[in-house]
Amino acid sequence: MTTRNAFGEAAAADSRAADDSRAIEALLAGNDLDHEDAAALRPVLLELRGLIAEEPPAPSPDLAALLELPDGAWPGLPDAEAAAGEPTAVLGIHASSPAPTAALETAALDTAALDMEGTARDDATVVDLASRDFTARRLAHQSRTARAWKPGRAALTAAAVVVSLGAAAGAAAAADGDFLNKTADNIAVIVGTLTNTRPAPPAPKPHEQPIQQPGNTYPGDSRPSTPSGHPTESSTPSPSAPVPGVDSTVTKVPGHDRLPKLPDPPHGGVPPVLPTELPAVPTIPGGDPLKGAGEGSQAPGKG
Amino acid sequence: METLTERTTAAVDTAVPSSAFAQAYTELSPAVLGYLRARGVDDPEAVTQDVFMALYPRMSSVTGGSAGLRTLVFSIAHARSVDFHRRQGRQPNTVQHDPAADPRVTESAEEQAIARGVGGYARELLESLSEDQREILTLRVVADMSLEDTAAVTGKTVGAVKQLQRRALTGLRNRLSKKGEGER
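If you're matching them up, the sequences are chains A and B in order.
So that you can map any letter, position 194 of the first sequence is 194 in the numbering used here, and since no number is skipped, the others follow by simple counting.
So that you can map any letter, position 4 of the second sequence is 4 in the numbering used here, and since no number is skipped, the others follow by simple counting.
Do not take every clue at face value.
[Claimed, not checked] In silico EDC-like links for lysine to aspartate or glutamate, alpha-carbon gap of 16 Å or less:
hint, chain 1, residue 1, chain 2, residue 2
1, B, Lys179, A, Asp37
2, B, Lys156, B, Glu131
3, B, Lys162, B, Glu148
4, B, Lys162, A, Asp178
5, B, Lys179, B, Glu127
6, B, Lys178, A, Asp32
7, B, Lys178, B, Glu124
8, B, Lys162, B, Asp132
9, B, Lys179, B, Glu131
Simulated from the structure, these hints should not be mistaken for laboratory data.
Can you make the complete structure from the sequences, with help from the hints?
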């Protein structure tokens, strides 16, 4: 066994050279070579044997973990025992062997385990933090699942109610037309409630028509506007507002106010295209066009 | 040649892989590195790590003490080197053009010595041998393996190994003679 200790590298090199010579002589002796051939081959074979590294290569992090090296310790590094002056056999490894990468990474992890105040976290804290993080992620996942599931459940309930009510109404509809209208309204209200969508309000009566105010770019849009007259949000009209160019005829059912019937979209579900040029906004006497909707919403003559 | 300590051998025989593995790495990795260098493997250090990573799960099944462990280690190293050469045969090695390494420029003697590195001359001579002869000679000289162990690693008979070794040495001798005549 080749050992290297405090006696220095020279002795180890001598020992190694002796080992190499013995090995080469044994090899040459086993091949019945004459003296001249053996002499010619010896330096070449010794040079080939010189390819053997003098020390083990520094292990990779994975390999260092398998080697079960203690943190920051690589067998070539002088340990406390060696520092105290005791000769230590380190199995043929130079004291100047580079420390493995794993040791450096361990040191970096130790540094990362320090909190902002410079105090080291103990293992329990780290485990606690990890478990809290896991719990938070699990709760977030449950919340997302619940949010995705609720609308689906409401829609299913609404469909079941509609089917049951429709079956009951169908039986009575043949006899009483008024009952059919009432039932249709009730179904609309129930569906709207379950699906959390607000049913369209009834069409305004002629004496309740909204007053056109300056600053609104669309009739019926009562949102506050910017000084330039543009709405602060998207300019999509509310569903209850009368659309210019669309016949907002109210189908009157005796005893009931029905919703205004809008024409079908031209291309299967696409809402009707609004005219690019809006109708001229009527000037209100005494109204300030620069005022917002909130300020100018009073009826003329009130102030 | 027995290079592993008695403690290592005992640890291997009693299937205690942890300390035995570290001991095996310390004792055998220099020879594995040298073997892979002699076989011309790119990045021999990384392949050495691979060899010992592959050895670790098999440590408990090693039989035959230190000789058995050495045979297993070099069997893995041999397989890795064969894999490397097969892979290299399938796909050409592409390197970026480096003007400093352009072979059309004559190197100085110093540059040649540096490029050769340790054992450069011997490796150059090895290139003149056949693949089998090169493999046998490397295992016998660098890995320090017996004829029987070499036969086990390469999957050949002892007689075939002996014959290949003899031819390899004769080939090296002839090559050296030709070189000597050329220099004169």
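Results for each hint:
no., hint, result
1, B:Lys179 x A:Asp37, "14 Å, holds"
2, B:Lys156 x B:Glu131, "14 Å, holds"
3, B:Lys162 x B:Glu148, "10 Å, holds"
4, B:Lys162 x A:Asp178, "111 Å, violated"
5, B:Lys179 x B:Glu127, "14 Å, holds"
6, B:Lys178 x A:Asp32, "22 Å, violated"
7, B:Lys178 x B:Glu124, "14 Å, holds"
8, B:Lys162 x B:Asp132, "12 Å, holds"
9, B:Lys179 x B:Glu131, "21 Å, violated"
Checked against the numbered hints above, the structure breaks hints 4, 6 and 9 and satisfies the rest.
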